[in-house]
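Novice: Letter by letter, the chains look like this.
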Amino acid sequence: MSQSAYYVPAQSRWPIYASVALFLMAYGAAHLINGLADQGGGLGLSLLLAGTFCMAMILIGWFGNVISESRGGLYNAQMDRSFRWGMSWFIFSEIMFFAAFFGALFYVRTLAVPWLGGEGEKGVSQLLWPGFEAQWPLLTTPDMKQFPGSDGVINPWHLPLLNTAILVTSSFTLTFAHHALKLDNRPRTILWLGTTILLGVVFLLFQLSEYVEAYQELGLTLNSGIYGATFFMLTGFHGLHVTLGTLMLIIIWLRVLSGHFSPKHHFGFEATAWYWHFVDVVWIGLFIFVYVF
Amino acid sequence: MNTLTRNVECEHTEHGPARGLSRWFFTTNHKDIGTLYLWFSFLMFLTGGCMALMIRAELFQPGLQLIQPDFFNQMTTMHGLIMVFGAVMPAFVGLANWMLPLMVGAPDMALPRMNNWSFWILPFAFAMMISTLFMEGGGPNFGWTFYAPLSTTYAPPSVTFFIFAVHMMGISSIMGAINVIATILNMRAPGMTMMKLPLFVWTWLITAFLLIAVMPVLAGVVTMMLMDIHFGTSFFNAAGGGDPVLFQHIFWFFGHPEVYIMILPAFGIVSEIIPTFARKRLFGYASMVYATASIAFLSFIVWAHHMFTVGLPLMGEIFFMFATMLIAVPTGVKVFNWIATMFRGSMTFETPMLFSLAFVVLFTIGGFSGLMLAIAPADFQYHDTYFVVAHFHYVLVPGAVFAIMAGVYYWLPKWTGNYYNETLGKWHFWCSFIGVNLTFFPMHFIGLAGMPRRIPDYALQFADFNMVASIGAFIFGFSQLIFLVLVIKTIRGGDRAPAQVWDQPQGLEWTVPSPAPYHTFAEPPEVK
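Protein chains in written order, with the working numbering: chain A, 1 to 293; chain B, 1 to 528.
Bound-form chain B, shown alone (with noise of 0.2 Å):
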C-alpha cells in the first residue's frame, strides 16, 4: 500500500524521480532538496574562497600590489556574507534535510513544497547580492557586520539590493527552520521519544529555535537601514536622536546567536561521528542536550561582547562579560563528553574521524581565544585586529566547516551507495588541516601584535606571518579541489557499502539500503 506518492491531480504511482532538470526544480524531495543544498553551498564555498584568495594574494607583501583598497573592501565584505549565508548555513540545512528524516523515520520533511520554495529562493538571492559586484559604485564595501553609518550614510548605492537580497536570505532560512522544527517535533516515529533522538536532531531542533528568533530581527534592522537611507529616518543617525549603536545592538542580537546557529549543527555531527569510530556510546547524552540547550539560551544575552569598545556603560560591559564568559560551562562540557566518549575507546581514524578529532581540537583553540575576547579591559587591545579574524576562523573553518566536511564524508556512503576512496580523503583531510593551521595561526600572533582587520596594506613588522597565512590559504583552498574530486567520483561509483556502511553505527540512517532509497520510512519503523 503505497499512499505516499499519492497526487490530486494524477494518481498513478512513481517509484522513483522524476527525469531529467524538472527534478531539481520541481522537487519535494528531502533527498533532492538536501543535495541541492549541498551543492549550492560548495559552490558558495568555492566562490567566498576564491574572494579569500584575493584577500590573502593582496596581503602576501605588504603594500598595494594588485586590487585596489575599495574593492578589497568590497572582497572582505562578500567574502563574510557568502560564507556566512551561502556556504555554511545552506551545507547544514542540507544535511538538515537529507539526515533528519532518516533519522527520526520520517517519509519526508514535514511541509516538503515549502522545503523547496526554501532552497530555491537561495540561488536568486545570492545572484542579486553578488551581481552588486559589478554595478557603479561597486558592490557593499562595509564588511559583512554592515555597520551604519558606513551601510547606510556612505554606502554604494547597490547597498539597497543587498538589503533586499538578505530579506530573501532570511525568509528562505525562516521558512527552513520551520520546516525543520515541524518534523523534528511532529515527525518522528513511534517510540522516538525526545530524550532519544540522535543529537545532530537535537542540535538542528535548538538551531532552527534560534533562527525563527533571530532571522526576523535581521530583517528589521536591513529595513531601518533602507528607511535611513531612502526615505528620510533617523533610526541610526544621532542629528535627529538615533543612535549608530543602535544599528550594533540590533546587528548583534541577530548576530550573536547566528554565529551559534553555524556551530551548533556542527557540534550534532561530530557527536554522531565520534562515537561510531570510538566504538562506545556517547558519554552523556542527557548532558549534552541540556549544554546544547544552554548554550543557545546564553546567546541572547551575550551579543554587546561585540561591541566593547563602542562606549557602553560599565555595567554592560560587567555583564556582558560573565554573561559572555559563562558560555565556557555548557561548551566545556561538550568538549568533556566528545573526549570522554573516546576514553578507552576502540579508535580508528577514517577520514570523518580525523576532520571530528581536528574539530574537537582546532574548534577548542577558537574556545579558548573567545574566552580570551571576552575579558573586557583585554580586548580593548584585541579589538578588530587580526586576533578576532584569527578566533572566529578557527571556529567556523576547522570548527563549522571541517564538521561539515565530516558530515559529509560519514553520510557519503549512504548517500550514494558507494564508499568514498580513503587515500584521496586522508590527503584532503591533511592538505586542509595543514592549510587551515598556517593560515589562521599566524594571525594571532600578528592579531596581538596589533595589526588591524580589513587593510589591505600593513606595517614591515607583520610581512613574514602575513606571507605564511598566504601561503596556508592557497594550501587550503586548492585542496578542496581534492574533496570536488572524490565526491564526484564516489557518487559515479566505488566499492559497494552495505546498509550499515560503518562497524555498528547508531542510528535509524543505518537501517535503511545504501544508497538510500528515494523513499524511505513510508510505513514509520518501529523504535524500541
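Only chain A is shown next, with the shape it has when bound in the complex (with noise of 0.2 Å):
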C-alpha cells in the first residue's frame, strides 16, 4: 500500500445521516422555543432530543470511522494537511462568530448608548426618553418597564480574576502535555491532560456560579437591558465553546489511554489543543472589554 496516493473515502452513510439528525434538532428546537410561551412545544422536545442523541451517535460513528483510518495508516502527509488546513478555517469560522458579538458590544457602547443619552448631533432619542442619562455599565436603561435594568455588575477582580488564572494555567498545562507527548511520555500526558480537563471543568463551575450571583443577587440577567444581552451573550457562548472543548479534550484524554497517538503523529491532540488555545484567547477579550472595562 503506497503512502503517497491521498485517501479519497469510499461512499459514507455517516453525512446524510447527520442531515437528518442536524434537521431534527433545527426544527425540533425551534418548535420547543415557539412553545415556550403558551407551555406548549413538547413535541419540539422531544424532536431536539432525539436529533442530538442521534447527532451524538452519528459523530461518535464518524469520528471512529476516521481514527480507524487514520490509525489504519491510510492517511499520508498531505491529508494531514488537509485536515491542519481544516481545523485552521474553522477556527477562523470561530473568531468572526465571536467578532459579530464583540462589534455589538463596541458599537452599543461608544455609538448607540451615547446618542441615546443625547449625544452628537442627532439627540432625536432626548424626544423618546427624556431624562435618559447614557452610562457604562448600563444599569439605567432608557425604559426601565420592558428592561428593568440591573443593581451591579460582576466585580471583575473577585471570580473573573481567578477564571483568567485559571484558563491561562490550562494553556500551559496543556502545552505541557503536548511536549510530554512529543517526548512519548504517556503518564506525563495523562496528567497533565487530566489536570486541562479539571481547570477546564473548575471554570465552568465558577462560571455556573457566576450566572447565579448575577441573577439572584444583582438583578443581572438576559431580560436587564443592552450590558445583560451582550454581557450573557458573550460569556454563554465563551462558556458552550469551553464546554465543547472541555468535551474535545476528554475525548482526547480517553484516546491517550488506551494508546493511541504517536509522538510524531497526533493531530487530534493538535487541533483540540489549538481550539483550547482560541478558547483561552477569546476570554482574555473578554476579561478586558467585558468585565474590566
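Misleading hints may appear alongside valid ones.
[To be verified] Simulated coverage check for chain B against chain A, where a stretch passes if three residues somewhere in it have a Cβ under 8 Å from a Cβ of chain A:
no.: 1; region: 104-117
no.: 2; region: 153-164
no.: 3; region: 169-180
[As the list claims (entries may be wrong)] Some chain B residues well away from chain A (every beta-carbon gap over 12 Å; in silico):
no.: 4; residue: 325
no.: 5; residue: 340
no.: 6; residue: 528
[To be verified] Examples of chain B residues toward chain A, derived with CB under 10 Å:
no.: 7; residue: 211
no.: 8; residue: 217
no.: 9; residue: 242
no.: 10; residue: 249
No wet-lab data here; the hints were simulated from the structure. Predicted model only: the values in this text are computed from it and were never measured. Backbone N, C-alpha and C fix where the C-beta goes; we use that ideal spot for every residue, glycine too.
Build the complex: two chains, separate frames, hints provided.
Specialist: Shown next, in the form of C-alpha cells:
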C-alpha cells in the first residue's frame, strides 16, 4: 500500500444521517422555542432530544471511522495538511462568530448608548426618553418597565480574575501535555491532560456560580437591557465553547489512555489544543472588554 | 495501482458509481456532489422564479388583483432568500465541486465526506424555510434583509424556523468553503503554482475566504434576533439601550461580502470562457488576481453604503461613499482585461461565449448603477426604490446567473461527453437576454421616478413600464424551460465530445476524456 496516494473515502452513510439529525435538532429547537410562551412544544423537545442523541451517535461513528482509518495508516502527509487547513479555517470562522458579538458590544458602548443619551448632532432620542443618561455599564435603561436594568455588575477582580488565571494556566498545562506526548512520556501526558480537563471543569463551575450570583443577587439578567444582553451572550457562547473544548479534551484523554497517538502523529490532539488556546484567547478579550472596561 | 478507492472495512476496488439512489445519498465523489448541487440549485431557481412571477403578475397592473399584500411580502422575502442562498450560491458550489479538482489536478475535494454533508444539509434547510409559508401567521414577510424590528417585534411566529434554517445554510456554506480552501491550498498537482491557477480557482479561493469570514457573522445576527424575540434581550431595541440600526450594521457586514461571494466566481467563469472563444490568452492574468483580492478586501469596509438614509454620522457617510467608489477601480481593471482579451481575437460566438459577452456588458451596467447608488447624497433619492431593484438584479441575473449558465454550457460536454444542441442554446440565450432586459431595464426609470420597492400596488404613472417588466419576466422565466430541455437532451445523447471539447482551451480539465471518468487524477499530473 503506497503512502503517496491521497485517501479518498468510499461511500459513507454518515453525512446524510447527520443531515437528518441536524434537521431534527433545528426543527425541534424552533418548535420548542415557539411553544415556550404557551407551555406547548412538547413535540419540539422530543424532536430536539432525539436529534441531539442521533447526532452524538453519528459523530461518534463518523469520528470513529476517521480514527480507524488514521490508525490503519491510510492518511499520508498531504491528508494531514488537509485536516490542518480544515481546523485552522474552522477556528477562523469561530473567531468571526465572536467578532459579531464583540462588534455589537463596541457599537452599543461607543455609539448607540451615547446617542440615546443625547450625544452628537442627532439627539432625537431625548424626545423618546427624556432624562435618560448614557452610562456604561448600563444599569438604568431608557425604558425600565420593559428592560428593568440591574443593581450592579460582576466584580472583575474576584471570580473573573480567578477564571482568567485558571484558563491561562490550562493553556500551559495543555502545552506540557503536548511536550510529554512528543517525548512519548504517556503517564505525564495523561497527568497534564487530566489537569487541563479539571481546570476547564472548574472554570465552568465558577462561570455557573457567577451566573447564579448575577441572576439572584444583582438582578443582572438577559432581560436587564443591553449590558445584560451582551454580557450573557458573549460569556454564554464562550462558556459553550469551553464546554465543547472540555468534551474534546476528554475524548483525547480517553484516546491517550487507550494508546492512540504517536510522538510524530497526533493531529487529533493538536487540533483540540488549537481549539483550547483559541477559547483561551477569546476569554482574555472577554475579561478585558466585558468585565474590566 | 489503485489506492484511491480502498476502504477500511471492505477491500474490494470500486471503479464506478454505486447503483441506484444510494449513489446520490452516500456519495463522496466530487462530481456526484457537484451534480447534486447543480440540480438542487436549478430546482430552487425555478421555485424562486415562480415566486418572482407571482410578484410580477400582481404588478402587471396597478391595484390589487391576484394576491394579498401580506402574501406579496412573503413572496418578495422568499424569492430573495431562495435565489441568494438556494440558487446562486449552491450553483457556484456545484461548479466548484465539479471543476476545482479537475482544474488543480486533484483526485477529489480535500474532505470528501464533509463535502457530502455540506450538500445534504441544504435540502433540509430549504424544506424547513419553505414550510414556513404554510405555518400559522404565514412565512417571513420582512424582506430578504430581515431588518429588525420588522423581523423581531413584528415578525410572524414562523421567524423562529427561518432563523434555524439560516443556521443550517450557514453550517453548509462554511463547511463547503473550508473544503474549497483546503482543496486549493493543499491538493494542487506538482508544478501547479499559485500564479498558474486558473482564474476560476483563484476567484473561488477568495470567495471561500469571504464565506468563512462572514457566514458566522450572519449566524451571530440571527442568534441575536432569536434572543431578542424569545429570551428578552435588547440588541435591536432602543428601549433597553440597543439599536435597530445595529442589526443593519451586522447584517450588512455579512451582506456586502455576500454580494461578492455571488459575483467573484462569476468573474472566474467568464475569465475562463472569453480566452477560449477569443482564442487568445487571458489579458493581464496577474492583475485579475490582484483585482479580485482587492475587491474582496474592500468588500469588508463598504457595508454601510446600504444604510445611507438611516442617520449615519456625516463622516460615516463620506467614508463609506468613497470606499465604495474605490471598488470601481479593480472592477474596471477586470472589465478592461476581458475586453483586451477579445481585442483582435479570432472570436466565435457559441452559447457560453454569448452568455459571457452579455455578462460583461450587462454586469457593467449594473456596476455603473451601483456607482450611482454609492453617491451618498444621490442615494437619498434612490434608496428603497425600484432603481435599487434594477441595480442588484442587473448584477445578479445577467451577472451571476448568466455566468452560471455560461459555465454550464462551457463544461456540459465535459460532464456528459455530449455536445449540447447549439440551436436550442442560442434560443435560450436570446430569449433570456431579451427577457432580462425587458424586465429590469424599465425598473431604472420607474425607480428614478420614485416607485418604492416591496409594495404590491403603485401609482398610475408607473403602469406602462411595470407592464413591460412583467411581460419580460414571463419571457425570461419560461425560457429557462428551454435550458432544462437542453440539459436533459444533452445528458441523454448528442454529438460525442472529444477531450478538448473546444478549440484548444487551456487547463487540466481538458486533458481528461469527455465525459470525465468517475475518478480522475488518481496519479497527479505533472504541470510544466
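Novice: For a quick check of understanding: which of the numbered hints are violated here, in increasing order?
Specialist: none
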